[in-house]
Amino acid sequence: MIDPKTLRNVVIVGGGSAGWMTAAALSRLIGNGVTTITLVESEQIGIVGVGEATIPPIRHFNELLGLDERDFIRTTQGTFKAAIEFVGWTRPGHRYMHPFGSFGADMNGVKFHQYWLKFRGVGKAAPFGEYNICETAANENRFGPVPRDKQTPVSGVHWAYHFDAALYARYLRGYAEARGVTRREGRVVNVHQRSEDGFIEAVEMEDGRRIEGELFIDCSGFRGLLIEDTLKTGYEDWTHWLPCNRAIAVSSESAGELTPFTRATAHDAGWQWRIPLQHRIGSGFVYSADYLSEDEATQFLLDNLDGRPLGDPKPLRFTTGRRNKAWVKNCVAIGLSSGFLEPLESTSIHIAQTGISRLMALFPDRDFDPAGIEEYNRQTELLFRHIRDFIVLHYHANERHGVPLWDRCRNMDIPDTLRRKLDLFRLKGRLFRYEDELFAEPSWHAVLLGQNVMPQGYDPLVDAAPEDRIEDALGQMHAAVKAAASAMPKHGDFIRQHCPATPAPQPV
Amino acid sequence: MTAPRPLSSLLIAGGGPAGWGFAALLSQRLQGAAPEISVMETGAPTIPDIVSTLPSIRTFHAALGLADADAIRRCSGSFKLGERFEDFSGAGSSAFLPYGEIGAGIGPVRFHQQLARLSDGVSSPAYAEYALATRAAADNRFAPPAKDPRSFLSTLDYGFHLDADAYTTLLREIAVRNGVKVLHDEAGAIDYGNDGRIASIRLTAGEPVAADFFVDATPDGRIVRKLCSGGWRADPPLPFDRVACMRRPQDGTVPPFTTNRAMPAGWLRQIPLAGSLHNKLTFASDYLDDGQASAMLGSDSIDFADHACGFRPAPWQANCLAIGPAAWRLDPLAAADMHLVASAGERFMRLLPHAGSSAAEASEYNRLFCEEIATARDFARLFQRCQSRGEPVWKAARKTPVSNELAHALALFESRGRIARRENLVHDETRWIAAFLAMGVRPRNHDPQAGALGRRALTERTARIAEMARQSAESMPGHDRMLARIAAGGSTP
Numbered sequence: 001m002i003d004p005k006t007l008r009n010v011v012i013v014g015g016g017s018a019g020w021m022t023a024a025a026l027s028r029l030i031g032n033g034v035t036t037i038t039l040v041e042s043e044q045i046g047i048v049g050v051g052e053a054t055i056p057p058i059r060h061f062n063e064l065l066g067l068d069e070r071d072f073i074r075t076t077q078g079t080f081k082a083a084i085e086f087v088g089w090t091r092p093g094h095r096y097m098h099p100f101g102s103f104g105a106d107m108n109g110v111k112f113h114q115y116w117l118k119f120r121g122v123g124k125a126a127p128f129g130e131y132n133i134c135e136t137a138a139n140e141n142r143f144g145p146v147p148r149d150k151q152t153p154v155s156g157v158h159w160a161y162h163f164d165a166a167l168y169a170r171y172l173r174g175y176a177e178a179r180g181v182t183r184r185e186g187r188v189v190n191v192h193q194r195s196e197d198g199f200i201e202a203v204e205m206e207d208g209r210r211i212e213g214e215l216f217i218d219c220s221g222f223r224g225l226l227i228e229d230t231l232k233t234g235y236e237d238w239t240h241w242l243p244c245n246r247a248i249a250v251s252s253e254s255a256g257e258l259t260p261f262t263r264a265t266a267h268d269a270g271w272q273w274r275i276p277l278q279h280r281i282g283s284g285f286v287y288s289a290d291y292l293s294e295d296e297a298t299q300f301l302l303d304n305l306d307g308r309p310l311g312d313p314k315p316l317r318f319t320t321g322r323r324n325k326a327w328v329k330n331c332v333a334i335g336l337s338s339g340f341l342e343p344l345e346s347t348s349i350h351i352a353q354t355g356i357s358r359l360m361a362l363f364p365d366r367d368f369d370p371a372g373i374e375e376y377n378r379q380t381e382l383l384f385r386h387i388r389d390f391i392v393l394h395y396h397a398n399e400r401h402g403v404p405l406w407d408r409c410r411n412m413d414i415p416d417t418l419r420r421k422l423d424l425f426r427l428k429g430r431l432f433r434y435e436d437e438l439f440a441e442p443s444w445h446a447v448l449l450g451q452n453v454m455p456q457g458y459d460p461l462v463d464a465a466p467e468d469r470i471e472d473a474l475g476q477m478h479a480a481v482k483a484a485a486s487a488m489p490k491h492g493d494f495i496r497q498h499c500p501a502t503p504a505p506q507p508v
Numbered sequence: 001m002t003a004p005r006p007l008s009s010l011l012i013a014g015g016g017p018a019g020w021g022f023a024a025l026l027s028q029r030l031q032g033a034a035p036e037i038s039v040m041e042t043g044a045p046t047i048p049d050i051v052s053t054l055p056s057i058r059t060f061h062a063a064l065g066l067a068d069a070d071a072i073r074r075c076s077g078s079f080k081l082g083e084r085f086e087d088f089s090g091a092g093s094s095a096f097l098p099y100g101e102i103g104a105g106i107g108p109v110r111f112h113q114q115l116a117r118l119s120d121g122v123s124s125p126a127y128a129e130y131a132l133a134t135r136a137a138a139d140n141r142f143a144p145p146a147k148d149p150r151s152f153l154s155t156l157d158y159g160f161h162l163d164a165d166a167y168t169t170l171l172r173e174i175a176v177r178n179g180v181k182v183l184h185d186e187a188g189a190i191d192y193g194n195d196g197r198i199a200s201i202r203l204t205a206g207e208p209v210a211a212d213f214f215v216d217a218t219p220d221g222r223i224v225r226k227l228c229s230g231g232w233r234a235d236p237p238l239p240f241d242r243v244a245c246m247r248r249p250q251d252g253t254v255p256p257f258t259t260n261r262a263m264p265a266g267w268l269r270q271i272p273l274a275g276s277l278h279n280k281l282t283f284a285s286d287y288l289d290d291g292q293a294s295a296m297l298g299s300d301s302i303d304f305a306d307h308a309c310g311f312r313p314a315p316w317q318a319n320c321l322a323i324g325p326a327a328w329r330l331d332p333l334a335a336a337d338m339h340l341v342a343s344a345g346e347r348f349m350r351l352l353p354h355a356g357s358s359a360a361e362a363s364e365y366n367r368l369f370c371e372e373i374a375t376a377r378d379f380a381r382l383f384q385r386c387q388s389r390g391e392p393v394w395k396a397a398r399k400t401p402v403s404n405e406l407a408h409a410l411a412l413f414e415s416r417g418r419i420a421r422r423e424n425l426v427h428d429e430t431r432w433i434a435a436f437l438a439m440g441v442r443p444r445n446h447d448p449q450a451g452a453l454g455r456r457a458l459t460e461r462t463a464r465i466a467e468m469a470r471q472s473a474e475s476m477p478g479h480d481r482m483l484a485r486i487a488a489g490g491s492t493p
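If you read the sequences in order, they're chains E and B.
For reference, each letter of the first sequence is one residue, going 1 to 508 in my numbering.
For reference, each letter of the second sequence is one residue, going 1 to 493 in my numbering.
Okay, chain B solo, but in the shape it has when bound (with noise of 0.2 Å):
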């Protein structure tokens, strides 16, 4: 037996932010010991898109040496504090989904636990009320978290609105600098090596192309389908199964959050672009039609989509390993694409393999990611499940069955408030917190350990937060002003 050989060469077919994502951040990290890596760009997504991200997005940027000013220039970005929920819990309701810290512990006692300790017969704020996020985006204010631990300004955290296709151009723009190379046509017919591992794909014109791994970011996954095995895993269907998309330019305020609809027959997520809106209506094609969405939108230039989750519970196969749509489809309200594709480059690099075999690798990254994906799935099931809507399509979507671990979990904090330990989780336990308490479950009790907290002492402190919270929001400047400066050439503080 040889000794093996590094990895020479990586190709992958499809751009798009998953593609064009995994290769700038592949080619960032792995100077000096690069495999060669081409991207075979084939044709554009269906629909244009937009992407919605979670602060995770920052550490992604932060690895490409991307800034935030130019990511909101390039891409007629805006800053996203978090998602707002209107509707969810019956007509008037809202719900604001901060990111970034919110009111903070006691030792063990965590602060939604303080909070349920002091609610009877007391009406204090709602538990996202004391971050800090969530008091910005009311206000439309933006500014980065302070880098001081001890200012109540470092609690925030952010992702980001931006335009997909912009936004591809610029990750494809980092990669290509960093020597990724670029060929434009379709990916053909596949030649396999007699060890079952893909040798080369072809062009359209026929001429193969060689490499020794190769990356499926195609929208349909048309090369990790033809290895097989494992196959693809349908989430339970909810009624919502079509999704019909259009851009609305629109002047004035630019909210500092993507807000999120319930109506009759689905629901509709707005993000704000700098100059635009994007309209993403999901909806139950049982209960409304095509023609029917067009009129809701007030537009005829849509484009529609079927719709369907799930994902591809072994995406390394052989010598190839499928991301972005080729390995999963999210709802919309896991707000988790660029977070997986960021993460699915950090897991590939750190079971970088050699040329050979692969199967160890293979199989470590396939369990890493079904535990990933499954947390992030359950994240958005979450208000499917937990919403108060009485129309019978709501009504379906509260019926559809969930995952054990979901189900464990809901049962586990309506009981308490506690939130189950798993791993790998895509949302951290904060935002699982408020992501309940946003559809309006109530925990039947408090902790027992929040009960030993003194009842004064606990109401002056979280008052003192949320008015720490209102302080510092105000303090902030303005989201518009933010985006103005940006726009003008400035960076962000």
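Chain E with its partners taken away, still in its complex shape (with noise of 0.2 Å):
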């Protein structure tokens, strides 16, 4: 027996990565024999298929599809990501990495970075990054497993990817469609709303077709077809906190060897961002319109590729902030008609991610109970919170004095949140993260670390410990993350040896 609240028709409204991961994932519900689930995108809208960095919960959401990590970087022309390598941002000429997985191990219920912090104050230990694995590895563009005798508690490798969006839509088109999902081309001229309640209840086509739906996934992209344009939900600007708000974007040849890490490089107006594919590169330049000129930034973005460009610059426009509301009625935002923050830490695609099984842990029948979707925005709101949080950081901690953007960021009101964080690091290094935050402490660390916020002391408790001991085992993890990292393969070799691209990147 089914249960009559059961929804029958799902309408996803657009393709694209956020489309096409919900239409894989919700593929699974067609099980139930009654529920039907429709794609509608148009070929004539194009993706920015520049390469999109991602963090390693995206292996999760493969995993939870079943597909195979080969051969979907195979297909994707899909990299391995250790890291985010951060070039000028606390100041020009420095370099500072974050890398997945952790530093060091705590030791007497205190934090690994506490006994760092007392201990590289009289010179007794090393950089703090080389007590993580993936960056150290990563420092020498190395990526792989680590051999199995060199493996400690403190050689864990962490891993994302850096893949082209558009070939990862096209693979979990393949993927839905071979599980039931009805893919239906053209582009959306017209939303029809029930008279009674507002609820959408079909999406018109160019050639007058309708399509009708129970429950609408937004997944248009930054516009917001139906949650904005049709439901008006309304947007919170954040453009006071991260006043970029344009972007640049263009593909390159590759050039040097194959890097393991995202690079994100400060410059006076923006950041530049550096993709590495299998094929190519993917570039792109953030920056303000309020300190440069689209052309300026174009010219700015071709001057400093690693290789020649591959088509023209696309320029974009965006708005940094979130939807008010991800769910209203019976639609839900998904990916960018969400909310819009830059990719300095590669989150978008986790932000669909999230959005998607969040939606399968509350999905709604008939009756669209306001509980659910309470649960479902508010859960939303603070995972948006939580990253801008996290991403204002990066703009807000810079010693590049004398440079618009960076004086206005530095000397900005930040929000309550990022404040209490901050007041608390600056004290004696001390953190708390929120249970359901995305990044974790070692990440926040590195962050902090790495843009120079140095707290005045360390906690009293780092002195109850025997300092010879201490310092032994500092100098253990050290010697055993250097080991371990360099008995890992080039991260290019990796690839060339397990998964090289289908077809296999045409030479130049």
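A couple of the hints might just be wrong.
[Unchecked claim] Going by beta-carbon spacing under 10 Å, a handful of chain E positions derived as facing chain B:
1) 28
2) 32
3) 36
4) 109
5) 426
6) 434
7) 466
8) 468
[Said to hold, decoys possible] Pair ranges (Cβ atoms, derived):
9) B:395 with E:408: 29 to 35 Å
10) B:454 with E:63: 18 to 24 Å
11) E:413 with B:454: 54 to 60 Å
If you are wondering where the hints come from, they were derived from the structure by calculation, not from laboratory data.
Each residue gets a CB set at the ideal place from its N, CA and C atoms; glycine is no exception.
Taking the hints as your guide, dock the two standalone chains into a single complex.
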């Protein structure tokens, strides 16, 4: 017997990675025998295919779908990612890494970085990143499994991917269609709402076809075709904290060794991303229109590529912030339609992914119970705020004195939640993370210390441990990380051996 | 500005389980870097009390190096596998709230959703019956959980029932052994420094005792109250505004659980100790006077006290931290007092300040405290909100306003049995589910993800779990036998 309140027709508006990720994950529902899933997309609307960087939870998503990792890498021109390199954020000429995984190991119930703070102060500790396996290996362009004889508690490798988002969407389209998702080609020109309560009942296509549904998922991108154009949900603007509002994106030929990390390079008016794929490098320049014209930005990007540009640079406009509600009536916004945060910490795919898993956990029936919708919106809002705070930190904790954008960010009022974190960290390096917060303590430590937010002191409990024992332990961790990292293969070799893209990258 | 100086002295005013629990934990964990810790033992609490704990007490005891057998032996104690609720959903109703795991999830589909999926047309045992603790409690059996995670016997968890005076003495011994100093006196006047911080507290004779930091563990918050800002946040008052306590010697079987029995004008909480039964009647004075309450309890040596719940939203003020009754008064159904003492100690150590200003630490402590205490308060409120008795006083209890968070959690559970995400939970999500179901809250429908599970396989799987719970419980020794073995000097296996 099937529950009579089960939703019959789910309509996803928009392809792209968010749309096809949603379709692939929801395709499981088709198994109940009554639910159909339709995805509407138009080939005329392009996808910005300059490469996408991700964070480790993407692996859970792929595993949940049962994707084979190497097949996925081969199909999407993918590469591995173990860190983000931040160049010039603290000040020009400076660099630091935000690697995945943790730093050292906690001892006597006290965090590793607390011991590090004490011993660094007296010159008895190596740089912080040398206690992290991902960072140490990434600095040598190494990625792969740690040989068994070099494995220790501090050598666990964590990773995510770089891939071509358009190829990922195509890959997931194959997956979803094979499991019964229907794809409809065409542009949506009209949206019909029920007169009594404003619920969306159908979208109308250019050729006059109506596609009816009970649940609509808005994956139309930043514009928010349903959630905003139709339902007028409203948007919380965060430009006062994150002033960049433009980007230029372009791909270029690869040059040099394949890096297992994303790079974000700060400039006077914004920052440039660099995402290494197997066949090319995705680049983009995120900037504020207050400080730079589009022509200047384009020229700047073209002057700072690894190799020859492939295709014309594409301009993008955005407003950083979040949709006031990600779920309104029978419409759920997933991906860019739910809000936009610049890709500084590679969170775009993750925001879509958590939207999907939250939707699965709170999947509605025909009653559309308000408590479930409220819970969805509450959790979505928290996710956005947590990520926002982390990104604001990168802009705020800078020493790029005398440059208008950076002076403004250094002197601005930051969100209270971030202010409290910074105040506590500055005192004794303490950090209280929210339980559901995406970025764990090691990530905060990496960026705070990387951007030279140095605590005035350390936890008083550190002094309770005998110094010589701690010094020995630090030495052992450092040596273990170093040994494990240098035993890992080069990233390029690892890919060539296990998962070269199909078809193989064309020689230029 | 001079470099900050580490705390060199910490004065805890007020003994009791809170003050001594805090002192024991800090003195044990801060060895080596410790400030000198002193406890000023103020007068005894007004009514003899009892400690009925959550399973988290085991972590606290492990940190103190306190073995189960010692706690049981020294405090006339017994093990606690959960709480039984009688007559809360009308006369004759009974439900058990077990500790430990209940059933087993399948991927993202929680166990209660699986049962709900099967429930239409089929009668299957109640949710709690799939917990080992429920089956063991029904038979008065107890054994500590197995360490092997593959064994069904590892799914058990437990707390304790302990005599509060004896428990205080035990915690005091641990603290004193760790070097904590004792001052037998009352806290008198407070001397302030010119920065608004406490410089010293005067003893009755007027002698000042100075310290860098003060902990107010007095029954009435007499120190933190004078620092004043923040005040006290009272819960919307329930009709149950008075408590009557008495302890009665009792031979025979000692049940391994606390029992709560709803009555026309209140509810009786019975906590079994070795050789006695502690009774605590929480009642509405509008409907029952003290004389009638005495008659109900069948005794005239009863201690009465007024009962109101609330907490101090900013228990850390300047260089003073309030804990225990000075910082919170919870409904007994939360059973969370020792949990909160341990949590206060852990949080204080994570934020251990220097001797100077500690405004940033205080603000973070207070934020986390408010979140945590609100979850404990709401958990206890759940029972009052969701019971279904017909008397006016119980109807009034049902109508007493609850927090937005509890209202939302209830609405979400009622719709499809889902649990609202919340931080710093005192009671884990399994216990929230069990509590809703114990009070007869039935979700209107199950999670659609459960609908995708095959019915026959699911039926077999749940039946197998029920059978394992039953068999595992039968393999456990009697609780009385376990207590006798401990009394004779043995330890738990």
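Hint-by-hint comparison with the structure:
Restraint check, residue 28 of chain E versus chain B: the minimum CB separation of about 7 Å is within 10 Å; hint holds. With its C-beta approaching chain B no nearer than about 6 Å, residue 32 of chain E sits inside the 10 Å limit, and its interface hint holds. The beta carbon of residue 36 of chain E is not positioned within 10 Å of any beta carbon in chain B (closest approach about 15 Å), and the interface hint is therefore violated. Checking residue 109 of chain E against chain B: minimum C-beta separation of about 7 Å stays under 10 Å; hint holds.
A least Cβ separation of about 8 Å between residue 426 of chain E and chain B falls short of the 10 Å threshold, and the interface hint therefore holds. Satisfaction of the interface hint for residue 434 of chain E is found here, the shortest Cβ-Cβ separation to chain B being roughly 6 Å, below the 10 Å cut-off. Given hint, residue 466 of chain E at the interface with chain B, holds; its Cβ is 9 Å from that chain's nearest Cβ, closer than 10 Å. Taking 10 Å as the C-beta contact cut-off toward chain B, the hint placing residue 468 of chain E at the interface is violated, the least distance being around 14 Å.
Between residue 395 of chain B and residue 408 of chain E, the C-beta spacing of about 59 Å breaks the proposed range 29 to 35 Å. The hinted range of 18 to 24 Å is satisfied by residue 454 of chain B and residue 63 of chain E, whose Cβ atoms lie roughly 22 Å apart. Residue 413 of chain E and residue 454 of chain B have their C-beta atoms about 56 Å apart, which keeps the hinted 54 to 60 Å range intact.
Figure legend: structure checked against the earlier numbered hints; hints not met, in rising order: 3, 8, 9.
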